[in-house]
Structures are given as C-alpha cells and as structure tokens.
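For the record, the sequence lines run as chains A, B, C and D.
Mapping to numbering that gives the first Met the number 0: the first sequence position 233 is 232, numbers consecutive.
Mapping to numbering that gives the first Met the number 0: the second sequence position 161 is 160, numbers consecutive.
Mapping to numbering that gives the first Met the number 0: the third sequence position 429 is 428, numbers consecutive.
Mapping to numbering that gives the first Met the number 0: the fourth sequence position 20 is 19, numbers consecutive.
In case anyone wonders, no lab produced these hints; they're calculated from the structure.
Take the hints with a grain of salt, since some may be wrong.
Rough simulated footprint, nothing fancy, chain A against chain B, three-plus residues with beta-carbon under 8 Å [stated by the list, open to error]: (1) 48 to 54; (2) 70 to 83; (3) 87 to 93.
Which residues of chain D face chain C? A partial, calculated answer using Cβ under 8 Å [unchecked claim]: (4) HIS1; (5) VAL17; (6) VAL20; (7) ALA71; (8) ILE79; (9) VAL83; (10) LEU98.
Source: prediction; values computed, not measured.
Heads up, the beta-carbon is just placed ideally off N, CA and C, and yes, glycines get one too.
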Amino acid sequence: MNLLDTLLRCVATLVVFLVLPLVVGQTEHKVMAHMQGRLGPMYAGGFHGWAQLVADGVKFAQKEDVVPSGADRRIFQLAPAVALLPYLLVLLAIPVGPGGFVGQAIDAGIFFVLAVMGIGVLGSLMAGWASANKFSLLGGLRTAAQLMSYELPMLLAAASVAMAAGTVSLPGIVDAFHWWWIPWQTIGAFVFFTAGLAELQRPPFDMPVADSEIIFGAYTEYTGLRFALFLLSEYAGIVVVSGLTTVLFLGGWHGPFSDSLGWLWTLLKTFALAFVVIWLRVTYPRLREDQLMRFAWTVLIPLALAQLALTGIIKVAIS
Amino acid sequence: MSTLLAAAGSLEPAVRSFLSPTGQEIVFLLVGIAVLGAAVVSVTTKQLVHAALWLVVTLGGLAVEFLLLTAEFIAWVQVLIYLGSVVVLVLFGLMLTRAPIGRSPDADSGNRWVALAVALAAAGTLVTLVVDAFRTSWIDLSPGAGSTEATGTYLFRYWVLPFEALSVLLLAALVGAIVLSRNGKGRIPRPRPGKLRTPVRSVTAASKER
Amino acid sequence: MNLALPILVPVLPALGAAATLATGRRVPGLARPLAVLPVAVSAVLALVVALQLGTGTTLSAGTELTPTGGPHLTLALYLDGYSSLISVLVGVVATCVQVYSTAYLKDDPRYPSYAALVSLFTAAMFLVVYSGDLIVLLVGWEVMGICSYFLIGHHWETADARSASLKAFLVTKLGDVPFLFGIFLLGADAGTFRIQGVLSAAAQGRLGHPTLIALLLLAGVAGKSAQFPLHTWLPDAMAGPTPVSALIHAATMVAAGIYLVARLLPVFLLSGAALVVLSVMAAVTMVGSALCALAQDDLKRVLAYSTVGQLGYMAGALAAGDREAAVFHLVSHGAFKALLFLSAGVVIHAAHTNSISAMSRMDGLRRRVPDAYWTMGIGLVALVGLPPFSGFFSKEAVLTAAEHAATGEAITNGLAPASAVPSAAGWIVLVAGSLTALLTAAYGARLWLVAFHGRALPEPSPAQVAANGHEAGAPYSPEIDEADPAEAEPSAMRWPLWVLAVPTMGFGIAGVRSDWLPALLDGGSLRPSLETSVIGTGLAVAGLLIAYAAWRTAAARQTAVRLQTPDRVPEQAGPPAVEQLPADPGRTLLGPLFGPAQHGFGVDRLYSALFVRPTAAAARLVQFLDREVVETYVRGAGTGTNALGWLVRRAQNGNAQAYLSALVAGAVLLAVLVAVGS
Amino acid sequence: MHLAYPAVLAALLFCVGVYGVLARRNVVLVLMSVELMLNAVNLNLVAFDAWLRDALHAGQALTLFTITVAAAEIGLGLAIVLLVFRTRGTADVDRITALGDPAEAADETATEEAQAAA
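The whole structure should be built from the sequences, with the hints applied where relevant.
In structure tokens:
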C-alpha cells in the first residue's frame with residue numbers, strides 16, 4: 000500500500016460518488032413515474048430520457064447563484080459542501096467486494112461511518128440558519144431534532160451487528176456474515192434502514208422539507224448549483240444508507256460466486272434497497288412532526304434495544 | 000488510520016531535538032495552530048453562530064490531534080459525540096435563544112478585560128510550568144495503542160464498573176434534561192397521538208408559544 | 000391557750016384582701032362586705048385574744064420556718080399586754096376606717112383594690128404586732144411599706160399623689176436599709192431572731208454592739224414613725240384618701256416604729272448614747288412639727304404635723320425609758336387622731352376644699368356638719384391635752400416619765416436600772432414636751448377657730464372658693480371629692496366618729512382610775528405627777544388663750560381693712576397678704592418664722608440640694624457615659640460591620656463571571672506562589 | 000513526539016476556554032467555552048496516556064468518560080439555558096443576577112443601560 004494506491008482508491012471513490020447518485024436519481028424519476036401511471040422523462044438523450052439528470056445539472060449550473068441580502072453569506076455558501084462531504088467520506092469506507100475492494104479499510108469502520116454521517120446535519124443547520132428565512136430556520140431546527148433523535152436507534156442497530164460479528168470493521172463484519180444472520184438481525188435491519196431513511200429526510204420522514212408547510216425547509220433560498228449539491232447529497236445519502244444496510248445486514252458481497260462477482264452482489268443489493276427507498280416515497284404520506292419523534296423514541300429505540308438483547312443472548316448461546 | 004500516520008512520517012524516534020522536528024511533530028504543530036486559532040476566533044467573534052462553527056473546526060482539529068497521538072478510537076468518539084451531537088445541540092440552543100445573523104454588539108460582557116488578564120496570566124503560568132516540567136519528556140508513539148480492539152480490551156477489562164456508573168449518570172442526565180425541558184407543569188395540553196383534530200405540536204408551535 | 004385565734008387575727012384580713020382582689024372586678028357588690036367583715040372579725044378576735052390572755056402573762060410559741068446557716072428563722076407568736084392593747088387598737092381603727100370608706104369612696108371605681116389594700120395593710124400591722132420573730136416582723140413591716148405606697152398613690156391621676164407615694168416609699172426605704180442591718184446585727188449578736196431570745200440576751204448583757212444596733216434600728220423607726228429627719232413623707236402623704244391618712248396616722252404605719260422600740264426597749268436601754276439621740280430626735284420633731292402645724296393652711300397637713308409631734312412625744316417617752324407611757328400615748332393618740340382625721344374628711348367633703356382659710360369664708364359650715372364639728376372639737380381638746388380627755392392623761396404620763404428621767408429616777412419598770420437613762424435625755428424631752436404642749440394648744444385653737452368660726456366673706460359660691468380658696472404658695476394636698484355629695488354626713492361616715500369619740504373621752508380615765516392598764520403592761524404607774532400636770536395644763540391653757548387673743552386681733556384688723564377698701568377685689572393683690580386672708584392667728588404668733596414653718600423649714604429643699612440633685616447629676620453622668628461612651632462602641636460595632644458588609648456586598652453582585660474571574664485569578668496566584676516558593 | 004507540543008497546546012486551549020467562560024455574555028457561548036476547556040483536558044489526558052503507556056490506559060479511559068460527561072453536561076446545560084430563556088427572556092449571564100444584592104444589581108443594570116444608550 001503506497002501513496003499511489005491510496006490516491007487511486009480515492010479517485011475511484013470520487014467517481015463512484017459522482018455516478019451512483021445520478022443513477023439513483025434517474026431511477027427515481029422513472030420508477031415514480033411508472034408507479035404513478037405515467038412515463039417520466041422521455042426525451043433527453045433519446046432513450047427513455049437517460050440524460051435527463053445531466054440536462055438538469057447543466058440547467059442548475061447555468062442558473063444565477065443567488066444569496067439573499069439578509070443572509071450570512073459565507074455560511075450560506077459553505078452549507079452545501081458541509082452537507083455533501085460526509086457522504087463522500089463515508090463512501091470511502093464502504094467495502095464493495097472481498098479482498099480489500101474498498102476505498103479505505105478503516106479499523107473502526109462502523110464508528111467512522113456513523114460519526115461522519117452525523118456531521119451532515121451541520122450542513123442543514125447552517126443552511127437553515129444562514130438563509131435569514133423563518134421557514135428555513137424552522138426547517139433547520141426540524142432537521143436537527145430529527146437527526147439527533149434517529150441517530151440513536153441507528154447506532155444501536157449497528158452495534159447489534161458489530162456485536163454479532165465481534166468487530167467494528169466493515170469488511171470484518173461482511174466476512175463474518177452467515178445466511179442465518181438475516182432472520183437473526185431482521186429487526187435491527189428494519190430499525191437501521193428506517194432510521195437511515197429518516198436521516199436522509201426522505202419521505203415519509205421529510206418533515207424538515209415539508210413543502211406544504213415550510214416551503215422547502217432549509218433549502219428554500221438555494222438556487223442553481225448549490226441547490227443541486229443538496230440534491231446530490233440526498234441521492235448520495237440514499238446510496239450510502241442502502242450500501243451500509245447491505246453491508247451490515249444483507250451480507251454485502253455474499254452470494255453465488257462471491258469471489259469473482261462479489262462487487263456485483265453488493266451493487267445489486269444496494270440498488271434493490273434504493274428501489275425500496277423510492278417505493279416508500281411513493282407509498283407513504285408524510286408523518287407529522289410529533290408522530291415522527293414519537294416513532295423514533297417509542298418504537299425504534301425499544302426495538303433496537305430488543306434486537307441488542309436478542310443478539311447478546313444468541314451470541315452467548317452460540318459461544 | 001495507520002496510513003495517515005504513515006503519511007505523516009516515520010514513527011522511529013530518530014533524533015530528538017527541537018531544531019529537527021519529525022514530520023509528525025510538524026503536522027501536530029500545524030493542526031495545533033489551526034485548532035488554537037479556531038478556538039480564539041470562537042471565543043472572540045461577535046457572531047454567535049460563527050462561534051459555534053469555529054468550535055466545530057476546533058473540535059475536528061482536536062480529533063486529528065488525537066489521531067496523531069494514536070488514540071484512534073477516541074478520535075472517532077470525539078467526532079461522533081462532539082461534532083455530531085454537542086455542536087448540533089449548541090447550535091440548536093443558539094437558534095432557540097434567537098441568535099441573530101450578523102454581529103451582536105453585546106456578545107462580550109463587561110468582564111472582558113479582567114477575563115483577558117486572568118486568561119493571559121493563567122496561560123503564562125501554565126505554559127511556563129509545563130515547558131519547564133516536561134522539557135526532556137518524549138512520547139514513543141506506536142500505532143495500535145488506541146485502536147478499537149485495545150480500547151475495548153482495557154475498557155471492559157479494567158474499567159467496567161466506572162463504565163456502568165457512567166451509564167447511570169447518563170440516564171440521570173437524560174431524565175433531568177427531560178424534566179427541565181417540560182413546558183411548566185402541563186399548562187399547555189398535550190397533543191394526543193393519532194388524532195388529527197389536535198393541533199400539530201412541533202418546534203413551530205413551541206416557538207410560537209414563547 | 001388556743002393558738003388558732005391569734006393566728007387567725009392577721010390571716011383573716013389577708014384572706015379578705017385576696018378575696019376582694021379576686022372578686023372585685025366581677026362582683027363589685029361583694030367588695031364592701033368582704034372589706035369590712037374580715038377586719039371587723041379580726042378586731043373582735045383581737046379583743047378575745049386580749050381577754051383570754053389576761054394581764055401580766057405572755058405567750059410565746061413558734062415553729063421553725065426554715066433552717067439557715069446562721070440563726071434560725073421561726074414562725075413565732077409573741078403575745079403580751081402591749082401586743083394585746085395595740086392589736087385591739089388596730090382592729091378598732093381599721094374597722095372604723097373600712098366602714099367609713101364604704102361611704103367615703105362610694106363611687107370610686109377602684110374601691111375594691113383600695114379596700115383590699117387597706118385589709119392587707121391591717122393584716123401586715125397585725126403581723127408586726129403579733130410576730131415573735133424579727134424577720135417575720137420585717138415581712139409585715141415591708142408589706143406595710145408597699146401598701147402605704149399604693150394607698151397614698153390611690154389617686155395616681157394627680158401628680159401630687161404620684162410624687163407623694165414615691166416619696167413615702169423612698170424615704171421609708173431609706174430608713175429600712177439600716178434597719179435591716181440593725182436586725183441582722185441584733186440577730187447575729189443574740190444568736191437568734193426570736194424577740195424573746197433577743198430580750199433575754201439583752202438582759203444578760205450578751206449583746207456586743209448595743210449602741211450600733213440601737214442607732215441602726217432608730218433609722219428604720221425614724222422612717223416608719225416619721226421622726227426627724229425622715230418625717231417629710233408624712234405631710235405629703237395627705238395626697239391619699241382621708242381614711243388612709245387616718246389609718247396610717249392612728250394605728251398602723253407610724254405606730255409600728257414606736258411599737259418596735261417599745262418591744263426592744265431593753266436593747267435601747269443598754270446604750271445611753273442611743274437614748275440621747277432618740278431624745279434629741281424626739282425634741283426636734285416635736286417642736287419643729289408644732290411650729291409647722293401652726294403655719295399650715297391645709298387642714299389635713301395641720302393634722303399630719305400634729306401626728307408627727309405626738310409621735311415625738313412617744314419617742315420622747317421611750318427616750319426617758321418609760322415604754323408604758325409611750326404605748327399609753329400611742330393608744331390614746333390613735334383613738335383621737337383617727338377621730339380627727341375622719342371628722343376632717345367629713346368637713347373637707349362638705350366644704351369641697353382642704354384649706355382652712357377657705358373654710359373660714361364659708362357661712363354656716365359648722366351647721367352643715369354638726370357631728371363632725373363636735374367630734375372634731377372633742378378630738379382637738381384631747382390633742383391639746385385638757386383634762387379629763389384621754390390626751391391629757393397620756394401626755395402627762397410622758398411628761399412625768401421625762402421628769403423622772405431628768406431627776407435621775409427614770410421609770411424603767413424593772414427593765415433596767417434607773418441610771419441607764421441619762422438625765423440629759425430626760426431634760427431635753429421635758430423642756431421640748433412642755434414647749435410643744437403650748438404650741439399644740441395654740442395650733443389646735445387656731446384650727447378650730449379659723450375653720451369653723453371665720454366670718455363669711457362675700458364670695459359668691461363655694462365652688463369658686465374650692466377653686467382658688469387656698470392660700471397661694473402654701474403646701475397643699477388637694478383631696479378629690481369622694482363621698483356622696485347629696486348627703487353631707489352619711490351614716491356610715493358619722494357612726495365611726497362617735498365610736499371613736501368614746502375612747503377619746505374615756506380611755507384616759509379608764510387607764511388611770513383602775514389599775515388594769517398598768518397591769519396589762521409592765522405594772523408601773525401611769526398617774527401624772529402634780530408638777531407636770533400643773534405645768535402642762537397651764538401651758539396648754541396659755542396657748543389656747545394666746546391663740547384666741549391673736550385671732551381676735553387679726554379678725555378685728557381685717558374687718559377694718561375691709562371697711563376701708565370695700566370695692567377692692569380680693570384677688571388683686573397689691574397690699575400685704577394679711578388683708579387678703581382671713582384672720583389667721585398663726586401669722587401673728589409666728590411672725591417671721593411663718594414662711595419657713597409653712598414649708599416645713601425647708602427640709603425638703605435641703606434634701607433636694609443634698610441628695611436629690613447630686614443623685615440626679617450622677618444619673619445624668621451615667622446617662623452621658625452610657626449614651627455617648629458605651630453606645631459609641633456599640634454603634635461602632637454596628638457601623639463597622641455595616642461598612643464591612645457593604646464592601647463584601649460589592650463583590651456579591653450576582654454576576655457569576657465575576658465570581659469565576661476572582662476564583663481563577665486566585666488559583667493562578669496560588670499556583671504562581673507555589674511554583675515560585677518551591 | 001516531544002511531550003511539550005500537546006501539553007502546551009492543551010494549556011493554551013484551556014486558557015482560551017477560560018477567557019471564553021469569563022468574557023462571554025451569552026450562556027450558550029459560555030457552555031461552548033467550557034467544552035473547549037474540557038477538550039484541552041482531554042488532549043492532555045491522551046498525550047500523557049501515550050507518554051506513560053500504562054496497561055490500564057487510564058488516560059484514554061478517562062477521556063472517554065470525560066466526553067460522555069461532557070455530552071450529559073451540554074444536554075443538561077442547554078435544558079437549563081432554555082428554561083432560563085423561557086422564564087427571563089434573556090440568555091445573558093450578567094443579567095441573571097437574582098442571587099446578588101438587589102440594589103447593587105439594579106445599579107449595575109442602570110449603568111449598563113446608560114452605557115448601551117451612549
């Protein structure tokens with residue numbers, strides 16, 4: 000492992016980071032359209048509008064970058080980057096295939112991932128506060144409250160897996176995976192995935208950006224490329240959460256021919272989960288704010304604790 | 000994170016002298032200057048939210064310092080707790096106490112010059128004492144001393160009882176915070192879950208009540 | 000003999016007093032029976048006890064009260080002829096006074112407490128008389144002092160009464176302090192406080208310091224019995240209600256001193272010096288008080304000074320070594336002085352004034368109060384000492400005793416050899432007594448003539464007379480009208496007069512003609528000797544005539560002046576005061592002495608200069624020291640603390656950051672100090 | 000690594016925190032400064048743990064505990080701050096002087112207002 004290798008891995012991760020969210024975004028467009036009985040983008044790029052998001056990006060780039068006069072300029076401009084960067088860092092630590100097919104093998108992988116993801120909330124808060132807009136501020140506050148609440152069940156569910164595997168290293172966890180872990184950790188998977196959804200502020204947990212109440216929350220004042228960065232961070236978040244769920248609960252690269260096709264399995268599982276995320280958006284209505292908090296504290300945390308207890312009991316029983 | 004350490008330079012204690020610092024020392028020094036500068040800005044800026052954001056920089060820089068001191072687990076805990084929770088809480092508190100955008104002329108109290116004098120005196124004393132006391136002390140850094148495995152080992156082998164006591168403390172703090180935050184003996188009727196006719200109880204409602 | 004009866008005598012009035020006090024406020028109707036009955040029953044019991052005891056015997060009984068380190072205290076009775084006689088006198092006078100008071104203080108709202116105090120006063124006097132132990136006697140003695148304080152101050156609304164009661168209390172206490180030491184010394188010398196033991200010790204000559212003891216006791220006696228120089232409280236005590244004056248002057252308070260000396264006479268006889276002192280005291284008292292009485296305008300003050308004088312007679316008899324004569328005079332004086340005071344009360348009540356000069360301007364006063372007029376006349380004759388009234392015999396007994404003492408054959412009735420009494424004491428008493436007889440007759444006649452036989456001036460109404468009738472500048476103790484104004488002489492006020500008039504007229508003859516009185520006492524003779532009878536009676540008659548002549552002269556001159564200036568308004572006082580005033584023989588007789596005599600020869604002023612002012616100055620000095628010196632420290636402590644608190648409070652401004660700054664600065668300072676120091 | 004680097008950095012950071020605690024008016028900023036001081040302590044603990052290399056790793060364990068306690072502290076502290084802000088309408092340290100002498104406090108408030116007006 001030398002500096003060149005490290006650099007290469009980072010570049011690869013960057014590429015993945017730029018490509019996968021676009022794919023997920025395009026998928027969302029089409030899937031939502033078909034679920035709602037329409038076609039979705041059809042013209043950009045020719046075949047079923049495959050270049051729609053590229054066109055969107057070009058459009059965003061062309062737009063004027065407006066900063067409200069009452070806003071705190073620097074923080075306003077910095078916020079999208081703060082929101083986006085943590086996902087890039089997280090992506091670095093997610094293993095795709097066996098044998099070091101990973102951006103950076105970090106010893107305390109789960110820890111790193113969750114810690115860095117926690118920083119993302121800062122971006123929303125900064126954006127909400129710096130916009131000098133009361134809807135934005137409310138959105139920022141809602142984001143903070145929601146993310147603080149859902150981080151705990153997420154951590155607990157991840158801890159359950161780490162306990163089962165006996166390591167906090169992400170490749171280590173995937174290595175330790177057996178098929179019967181899926182029923183064993185199913186509650187944890189549900190909790191982790193749901194909490195991750197809430198972290199992303201995806202429907203039905205999109206109270207912070209509820210357009211019918213507070214327009215677009217923290218992102219109301221953003222236009223152009225900065226708004227695109229926020230959108231990008233959301234799709235990157237979908238990728239990250241799906242990938243983490245895959246790695247932690249669905250066995251990652253495990254599957255037939257995992258030695259050669261492991262990376263494919265990982266990607267497939269990730270995309271399946273991303274599809275579920277889109278599907279949920281179309282299916283469920285938005286939760287009310289108090290229902291949201293109540294759900295986190297009275298459903299997810301007890302479930303996560305129960306999963307933790309179950310994991311501990313079975314772990315002791317096995318050994 | 001051993002690569003980061005490796006990138007920073009050799010771990011071998013080659014020549015020990017101030018005049019020829021190792022790469023690690025240089026990195027530590029640079030990050031330390033950044034940390035210190037961010038801290039100073041954080042305690043002197045007149046923009047309240049900026050102070051909190053500069054605090055983020057300070058704490059993040061400290062996490063890097065922890066990494067450089069081979070305390071890897073602690074570094075991530077630092078990121079998780081401080082950056083992910085404490086600073087968010089602080090920002091939350093600032094926003095709930097209506098921190099304005101722009102400069103607040105009354106961010107500093109009239110005690111400023113006394114505080115400066117006291118802080119400078121303390122700094123002079125402490126730095127003098129520390130430098131004098133540890134003039135010839137060197138740290139032998141070896142990777143792995145702060146790894147997750149080592150941490151788990153000592154934490155659950157030697158420190159179980161304090162760990163459990165700490166959990167009780169956290170529980171008490173949780174209960175205390177909830178009790179303190181309750182809105183004054185139920186003056187405002189609680190919304191009943193699952194019934195749509197009750198008004199939305201949210202941060203919006205809370206801020207309107209005030 | 001049954002001991003219950005003598006014990007009941009002092010106890011009954013005390014219980015009556017307690018009952019009156021307890022029920023007085025709630026059941027006012029019960030106050031009068033409760034006041035009169037116990038005292039009356041006590042009087043009867045005292046008489047019964049006296050009769051049972053008989054003559055020539057003594058009774059001494061006692062039970063140890065409490066063991067002390069020194070001489071034991073005993074609750075003891077000592078009965079002999081003296082105590083029998085005086086207890087009967089006390090009982091009779093107290094009963095009369097209580098009966099009289101029911102009418103005199105008919106509408107007084109504080110009557111219950113008044114009656115209770117009179118009862119208590121009586122009980123205390125009975126205790127003094129019956130007590131066989133000096134300490135128990137002292138208890139009664141002091142209770143009398145406090146009762147007199149309350150009774151003289153009965154009308155505490157007036158400044159006179161307040162100051163008079165305070166004065167009486169303080170002056171008698173002034174005497175009581177040496178008296179207390181005297182008793183202690185006596186008890187220490189004799190080894191017991193029992194009177195019997197003391198007397199036997201005196202007889203055996205076991206007393207180490209007789210002169211000192213006698214002089215110390217004399218101070219207390221002078222205080223209680225109003226002898227010079229502690230007599231000044233008695234005239235002022237007239238501020239009390241008239242019945243109280245009667246009680247104090249006749250039977251209780253002043254009699255206590257004489258009784259005590261009579262009881263302990265053997266002790267006094269051991270010391271010739273003490274007897275001489277006593278005789279000088281008595282002589283000064285007699286003559287001075289008689290002169291004062293001649294100049295007084297206030298009816299009650301005249302009587303008060305006469306009391307002082309008669310007490311001087313008794314003290315003189317004691318100085319001459321004859322306690323029989325002293326007690327004889329005490330009893331007869333008690334009867335006629337009570338009579339005089341009670342009748343004076345009637346007169347004052349009828350005239351609405353104390354002033355005899357004002358009375359003289361009233362027309363027909365003697366016709367409005369005939370009983371009082373006559374009984375007062377009887378009392379005055381007895382006071383002057385004309386035969387056959389009781390005063391004559393008792394006074395002659397005193398003079399006879401003095402004569403015997405002067406010639407060296409003192410009548411000591413076996414208590415001591417006749418030589419124990421210095422002849423100088425006898426001479427002093429004899430001369431002073433004779434002079435006093437003359438003066439007494441003069442002021443008695445003056446009182447009688449001026450009060451009842453003045454010529455009415457054209458004053459329009461008695462009320463105006465009451466308002467401004469008394470002579471300007473004269474000592475005056477106004478009496479608040481107590482009795483029922485509808486009736487000049489209520490029967491409850493009239494009958495006691497006649498009851499008392501009987502012994503006034505008859506006691507002397509009874510005492511001399513039969514031998515029961517001497518037999519009851521020491522057994523000596525009480526018959527007057529021929530020489531003293533002639534001298535005394537002659538002087539008295541001379542005094543009467545001189546006073547009458549002076550009165551006629553003054554009256555004639557006044558009529559002439561009035562005729563010359565018919566339209567002059569009396570109040571516009573340009574000419575000499577004589578013209579303004581009714582005919583006053585005292586002014587003529589005394590001449591330049593009149594003014595000083597009117598004010599008691601300035602004894603009060605002397606005291607004021609000698610004692611009151613230095614005391615007040617010392618008090619002011621102490622006050623200054625306390626206010627300005629001591630309090631400066633006290634205030635300084637407070638101010639200093641305040642200033643310190645202000646300083647500290649500056650730091651406690653509630654700003655947590657300021658506190659923290661100080662804290663951290665202190666910590667840094669400590670660290671530097673430790674680092675530098677080590 | 001020379002021990003003086005982390006030690007001096009920790010000392011300076013601590014003093015910066017001290018300054019912040021003493022000089023800041025807003026309570027939330029004071030809490031932030033407290034966090035700075037705690038972090039300085041943490042840095043010290045970690046550095047000395049690395050220097051001493053004891054088997055118990057007392058320094059690192061204590062650092063973890065400190066971080067936990069700091070989290071509890073900030074939670075409780077902010078709850079108190081919000082309560083104070085709710086009841087008093089201010090989050091300024093030097094206006095929360097109810098424990099001081101009332102007259103003095105009133106004086107100081109008056110002078111401060113005068114200064115602010117000037």
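Check each numbered hint against the structure and report the violated ones by number, ascending. 4, 7, 8 and 9
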